[in-house]
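Dock chain B against the given chain A, drawing on the hints supplied.
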Amino acid sequence: MTNSIYRLDADLLVLGGGSAGAMAAVWAKIVDPSQKVVVFEKGEIKYSGSIARGMDALNIVAVPGVSTPAEYLEACHLTSDGVVDDAPSYAMVTRTWDLVQTLSEWGVYFPRGNDGNYEVLQVHPKGRFALTMLDPDLKVKLAQRVYTHGCKVINRVMAAELLVEDGRVVGAIGVNVRTGELVVCRAKATLLSAGGAARFGLPASGYLYGSFDYPGNSGDGYMLAYRAGAALTGFEYTQRGCIIKDVNIPLIYIVTTRGAEVIDGLGDNFSEGKPNLEKMLRRHDEGRGPIHLKLSHLPESRVREIEEILFSVERPVQERFHQGRGVNFRREDIELWPTDTYLCGGHGMAGLLVNDKAETTVPGLYAAGDTACVHRGHLSGAFVIGQIAAESAIRYAKSISAPGGGDGQVKAFARKLERFRDLRGRVGIDEFEYKTRRMITDYCIPPKNDYKLGQAQLWMQRLSGQLPEVVGLRGLQDLFKMLEVENIIGCAAVCAAASRERKESRWGPYHRRTDYPQRDDANWLKHILCRRGENDLDVQLSTKPIERMEVPA
Amino acid sequence: MNPPTLSYLQALSDNIIVDAQKCTFCGICAEVCILDNIRVQLAPCRQACPLHTNCQGYVQLIARGDDQKAMKVLAEGLPFPGIVGRVCSHPCEDACSRREVDGQAVAIRDLKRYLADNVGLPPVAIAAERPEKVAIVGGGPAGAMAAYQLRKEGFRVTLYDANQRTGGMLASGVPEFRLPARVLDEEMSILARLGVALRLGVRIGADLPLADLLEQNDAVLLATGAHLSKRLSMSGEDLAGVHDGLGFLRAAKNGTTPALGRTVVVIGGGNTAVDAAQTAHRLGAAQVSIVCLESRQQMPAFAWEVEDALEEGIALRNGWGPAQFLQKASRVSGLLLRRCASVLDKDGRFAPSYDEADREQIEADTVIVAIGQEADLSYLGGAAPVSGGRLAADPLTLQCYGLTKVFAAGDALTGPKTVVEALASGKEAAESIRRYLVGDSLTYGRSYLGPYETEFPVDKSKAVARPRMQPRKVGGATRRTFAELQQGVLEGEARAEAGRCLSCGEAFGKFRTCWYCLPCEIECPEDALRVEIPYLLR
Numbered sequence: 001m002t003n004s005i006y007r008l009d010a011d012l013l014v015l016g017g018g019s020a021g022a023m024a025a026v027w028a029k030i031v032d033p034s035q036k037v038v039v040f041e042k043g044e045i046k047y048s049g050s051i052a053r054g055m056d057a058l059n060i061v062a063v064p065g066v067s068t069p070a071e072y073l074e075a076c077h078l079t080s081d082g083v084v085d086d087a088p089s090y091a092m093v094t095r096t097w098d099l100v101q102t103l104s105e106w107g108v109y110f111p112r113g114n115d116g117n118y119e120v121l122q123v124h125p126k127g128r129f130a131l132t133m134l135d136p137d138l139k140v141k142l143a144q145r146v147y148t149h150g151c152k153v154i155n156r157v158m159a160a161e162l163l164v165e166d167g168r169v170v171g172a173i174g175v176n177v178r179t180g181e182l183v184v185c186r187a188k189a190t191l192l193s194a195g196g197a198a199r200f201g202l203p204a205s206g207y208l209y210g211s212f213d214y215p216g217n218s219g220d221g222y223m224l225a226y227r228a229g230a231a232l233t234g235f236e237y238t239q240r241g242c243i244i245k246d247v248n249i250p251l252i253y254i255v256t257t258r259g260a261e262v263i264d265g266l267g268d269n270f271s272e273g274k275p276n277l278e279k280m281l282r283r284h285d286e287g288r289g290p291i292h293l294k295l296s297h298l299p300e301s302r303v304r305e306i307e308e309i310l311f312s313v314e315r316p317v318q319e320r321f322h323q324g325r326g327v328n329f330r331r332e333d334i335e336l337w338p339t340d341t342y343l344c345g346g347h348g349m350a351g352l353l354v355n356d357k358a359e360t361t362v363p364g365l366y367a368a369g370d371t372a373c374v375h376r377g378h379l380s381g382a383f384v385i386g387q388i389a390a391e392s393a394i395r396y397a398k399s400i401s402a403p404g405g406g407d408g409q410v411k412a413f414a415r416k417l418e419r420f421r422d423l424r425g426r427v428g429i430d431e432f433e434y435k436t437r438r439m440i441t442d443y444c445i446p447p448k449n450d451y452k453l454g455q456a457q458l459w460m461q462r463l464s465g466q467l468p469e470v471v472g473l474r475g476l477q478d479l480f481k482m483l484e485v486e487n488i489i490g491c492a493a494v495c496a497a498a499s500r501e502r503k504e505s506r507w508g509p510y511h512r513r514t515d516y517p518q519r520d521d522a523n524w525l526k527h528i529l530c531r532r533g534e535n536d537l538d539v540q541l542s543t544k545p546i547e548r549m550e551v552p553a
Numbered sequence: 001m002n003p004p005t006l007s008y009l010q011a012l013s014d015n016i017i018v019d020a021q022k023c024t025f026c027g028i029c030a031e032v033c034i035l036d037n038i039r040v041q042l043a044p045c046r047q048a049c050p051l052h053t054n055c056q057g058y059v060q061l062i063a064r065g066d067d068q069k070a071m072k073v074l075a076e077g078l079p080f081p082g083i084v085g086r087v088c089s090h091p092c093e094d095a096c097s098r099r100e101v102d103g104q105a106v107a108i109r110d111l112k113r114y115l116a117d118n119v120g121l122p123p124v125a126i127a128a129e130r131p132e133k134v135a136i137v138g139g140g141p142a143g144a145m146a147a148y149q150l151r152k153e154g155f156r157v158t159l160y161d162a163n164q165r166t167g168g169m170l171a172s173g174v175p176e177f178r179l180p181a182r183v184l185d186e187e188m189s190i191l192a193r194l195g196v197a198l199r200l201g202v203r204i205g206a207d208l209p210l211a212d213l214l215e216q217n218d219a220v221l222l223a224t225g226a227h228l229s230k231r232l233s234m235s236g237e238d239l240a241g242v243h244d245g246l247g248f249l250r251a252a253k254n255g256t257t258p259a260l261g262r263t264v265v266v267i268g269g270g271n272t273a274v275d276a277a278q279t280a281h282r283l284g285a286a287q288v289s290i291v292c293l294e295s296r297q298q299m300p301a302f303a304w305e306v307e308d309a310l311e312e313g314i315a316l317r318n319g320w321g322p323a324q325f326l327q328k329a330s331r332v333s334g335l336l337l338r339r340c341a342s343v344l345d346k347d348g349r350f351a352p353s354y355d356e357a358d359r360e361q362i363e364a365d366t367v368i369v370a371i372g373q374e375a376d377l378s379y380l381g382g383a384a385p386v387s388g389g390r391l392a393a394d395p396l397t398l399q400c401y402g403l404t405k406v407f408a409a410g411d412a413l414t415g416p417k418t419v420v421e422a423l424a425s426g427k428e429a430a431e432s433i434r435r436y437l438v439g440d441s442l443t444y445g446r447s448y449l450g451p452y453e454t455e456f457p458v459d460k461s462k463a464v465a466r467p468r469m470q471p472r473k474v475g476g477a478t479r480r481t482f483a484e485l486q487q488g489v490l491e492g493e494a495r496a497e498a499g500r501c502l503s504c505g506e507a508f509g510k511f512r513t514c515w516y517c518l519p520c521e522i523e524c525p526e527d528a529l530r531v532e533i534p535y536l537l538r
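Heads up: the sequence lines are chains A and B, in that order.
Numbers 1 to 553, taken from the numbering used here, label the letters of the first sequence in order.
Numbers 1 to 538, taken from the numbering used here, label the letters of the second sequence in order.
Next comes chain A alone, as it looks inside the complex (with noise of 0.2 Å):
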């Protein structure tokens, strides 16, 4: 089917339709209905992204006479260790409150209290921020918005490569996942918005799709940006969360800021009222885990109340998961264990560097969502940092004319395609992907050191050679896996390198080294950015200041 090749230009093209893709595309029609804008997603777009549903909350809003800008940046300084720029985070949170008045008259429901006042936690070090919101269709009613604001969608379609003209992007490759066909689409802008790299890390389960956030995501928006010659920045930010055993199911903000305990194994209780996942992930490597949440204190109206936000918006299958292992909220306390390691522009650093436009190191290409580093942005990032890109990407297709060429580079992939179509090899891509990301596990996460981190880097050479030699293709769908996979390698090498580069320990559990066990702020207080260089095992570093700015009163 390869040689099928389904052309369409575009004003904008928005590689991958979650939260931050779909918002972004809707906004540009906003922006300018004129412009046309053209959606790839891998999955289906109703549902497609970590939020396949609803959020219990936005995570950041900086809700006028509760919490303030400035508040925003202190609480990121302390859970950034300092390794943040401002003007990203500022851009975001001050539109935050127009984002929930915006949501808001699309039907997207956040309950107010008898005062009629938003219920706000806090989950930060500092200020409240998290803004409930209870709307189990928030994905569905976006992804509603994208089609009536006439954006074209097409589903199925995986972005595979940036199509890039004198050091300009213009446009992409995607392969359908199920039929191979190629769909090229030139765009005058295009923004990156597929997620981060969630099948990176083995889940201790086993099952590569066991993982927290969505194994659609596996590093595509990363590596398209960096073989486009993108400094992707944060990469040594390996990031575990620790919530409910085996499923991997996050509750931890919905249980604790409603009062929930949380204990250790030792049955030592260290609740702060809002989550540490810190201490929770320290405890637990010390061996003083498993931690677990104890609610049977809690009266039953509050039970209640955590139960239907628990199972019913954003991940509403954990019910049956307790039913299955006879947890009772009233009775029995939920074990909570680290999940697989994972990177992530949007909760942690492991991103495109953007400035506060959005805009990536290369022209023509803006990102948003988890593909790019906006630390602790969560949905609200996703969200405010979409519109923005929007906003940035639409005015710079407006400033030029439309781009041709890049039949070259289409021929190019073709043939990789069909390369990979032919691989007669006897390891099936699932058996390869869990070979990689167990290596990933042994290798690229804390506690790191230098020698341990080389070992990430050889077998990421490795298997990045063995892939076309081992591995034999079972059916189509293993075409676009392959892709996925090799996103997955690269992301390790960058990761390997990045964390090797950092010679000191930061960010508590993420960046843990046993050779290097002090913050050394004198020399590492900076960003470290990673350029492409020969191939994506070739990873070029240099480091950034950090940029601070001065908080308009």
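No lab work stands behind these hints: they were computed from the structure.
Quick reminder that beta carbons are idealized off the backbone N, C-alpha and C, glycines included.
Check the hints yourself; a few may be wrong.
Derived BS3-like pairs: lysine-lysine, alpha-carbon spacing no greater than 25 Å straight-line [said to hold, decoys possible]:
1) Lys417/B x Lys253/B
2) Lys36/A x Lys133/B
3) Lys346/B x Lys417/B
4) Lys141/A x Lys152/A
5) Lys274/A x Lys294/A
6) Lys152/A x Lys405/B
7) Lys36/A x Lys357/A
8) Lys133/B x Lys152/A
9) Lys152/B x Lys152/A
10) Lys473/B x Lys253/B
11) Lys544/A x Lys357/A
12) Lys357/A x Lys526/A
13) Lys36/A x Lys405/B
14) Lys526/A x Lys126/A
15) Lys22/B x Lys69/B
Partial pick of chain A residues on the chain B-facing surface, computed with a CB cut under 7 Å [as the list claims (entries may be wrong)]:
16) Ser4
17) Tyr47
18) Ser48
19) Tyr209
20) Gly216
21) Gly428
For chain B alone, kept in the frame of chain A given last:
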């Protein structure tokens, strides 16, 4: 590619649990799965249907006693169930797994008619109105289906037909006793109700130049069928008392048939020949026979229609071909037949050879020549490409070669085929026209059947042999009238017959890439699907 052995993930247990007693095999679960985990095993009946009608779904719903929902499932892909329930060649039944249990397929076509006779069509939603204009030339199954599909998409559709009724060959050629006019007209009336502009009695070329249509419309579909009877090209073919099959059937429907005399001979082994013979029988001929080159088994006519003809006393003379028309004065009086030694050549092409020494003479007051049909494309005037007497178009997109906004469908493109094939052709053409008008790729994804599995084992171990329902037919003197020959199916019969369905195939989690995010479960219209936590995580 390597053989499709189970992958590392596929060896895990499936956590997608489907209640086969509730599932209607609609495939929505597969369509909404964000990780593309789910596939639907496509039942053999559905695979065999050129329209991929969800036979399994509506038959199972009849078995469950939910006729309303069954009709909803049926009508999703088929707006003309009463027509198709009567005249379909039912390839679904040829593929039915039940045949391997007791040799008799489920009477899928009759169950379709049961629904059409007893349940009204559900309302049809039309998308937002669009400005683009489409002209469809020909109101037969292909043109009507295309008009229906395009109108549903909101396009401005005008349907032209030379006849005063829509239906094409269904209106002019299929006899009343097989497809009553009231059924055809009622089902075709959906076009006008949806807002298709009907220009009936307008012959493109003669009454309205094709060039005008091309100029005034954004797209044009040519679906003019195959309405010319092939000729034997033998001396005597123009004698009084010799008729062509289609002309004869048309005249019979119009009540303008000339006197047939006592003995009628029909030449040909296809459905038109059988229709003509049964029509002659109803018009009062004392003795009707069918002469054809083929053996009984080789006859292209549907076997069940040949059975009907035999029940009516129509004689078959298989393995004979005409050598000469006999005449008295200027009128036909009989035929000299010659024995056919073989019909096809070694390559399977039609190339009859004869044993000229073996001849026989038969009497005939009327001879009807029904040896096949071909398209009359004289109206084109060179405006569209023709090859081998048919419209020439890309086989995938049905876009006429060398043209952009002209498409072809139905018998004018493929040569004479079945009604369901013409409907499918019209549907494909409509999809191409939609894509063309909205600026989409005409080819992208067209070769992909959908998220389906076509090869899978069917469990027949618990199936018990049960005889197929026998359709009730009118008999006696009524067989000399044009009253509908086959009677409708009673509710009890329908439930019992639907109960014979093995319900082959179901939805399942194929790739084991489930993230238990639940859209498949939420979107299932029947609450038939439940997502379990995968065993490794449970």
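Against the structure, the hints come out as follows:
Restraint check for Lys417/B and Lys253/B: the C-alpha separation of about 22 Å stays at or below 25 Å, so the hint holds. Only pairs whose Cα atoms come within 25 Å are accepted, and Lys36/A paired with Lys133/B is accepted, the gap being roughly 23 Å. At roughly 23 Å between alpha-carbon atoms, Lys346/B and Lys417/B fall within 25 Å of each other, so this suggested pair holds. Annotation: proposed proximity of Lys141/A to Lys152/A holds, straight-line Cα distance about 16 Å (limit 25 Å).
For a cut-off of 25 Å, the pair hint linking Lys274/A to Lys294/A stands: about 14 Å separates their Cα positions. For a cut-off of 25 Å, the pair hint linking Lys152/A to Lys405/B stands: about 23 Å separates their Cα positions. For a cut-off of 25 Å, the pair hint linking Lys36/A to Lys357/A stands: about 21 Å separates their Cα positions. For the given pair, Lys133/B sits about 22 Å from Lys152/A by alpha-carbon distance, which is consistent with the 25 Å threshold.
Proposed proximity of Lys152/B and Lys152/A is supported: the alpha carbons are some 20 Å apart, at most 25 Å. Under the criterion of a C-alpha separation no larger than 25 Å, the hint pairing Lys473/B with Lys253/B is consistent with the structure, at around 21 Å. The straight-line distance between the Cα atoms of Lys544/A and Lys357/A is roughly 18 Å, inside the 25 Å bound, and the hint therefore holds. At most 25 Å may separate the alpha-carbon atoms for a hinted pair to count; Lys357/A and Lys526/A meet this at roughly 21 Å.
The hinted pair formed by Lys36/A and Lys405/B meets the criterion: a straight-line CA distance of about 24 Å does not exceed 25 Å. Simply put, Lys526/A and Lys126/A have alpha-carbon atoms about 22 Å apart, close enough for the 25 Å limit, and the pair holds. Proposed proximity of Lys22/B and Lys69/B is supported: the alpha carbons are some 12 Å apart, at most 25 Å. For Ser4/A, the suggested interface contact is upheld, since its CB lies about 5 Å from the closest CB of chain B, less than 7 Å.
Taken as an interface hint, Tyr47/A checks out: its beta carbon lies about 4 Å from the nearest beta carbon of chain B, inside 7 Å. At its closest, the beta carbon of Ser48/A sits 4 Å from a beta carbon of chain B; the interface hint therefore holds under the 7 Å criterion. With its C-beta approaching chain B no nearer than about 5 Å, Tyr209/A sits inside the 7 Å limit, and its interface hint holds. Nearest Cβ of chain B to the Cβ of Gly216/A: about 6 Å, under the 7 Å cut. The hint holds.
Residue-level restraint check for Gly428/A holds (minimum Cβ-Cβ distance to chain B is 4 Å; threshold 7 Å).
Figure legend: structure checked against the earlier numbered hints; every hint is met.
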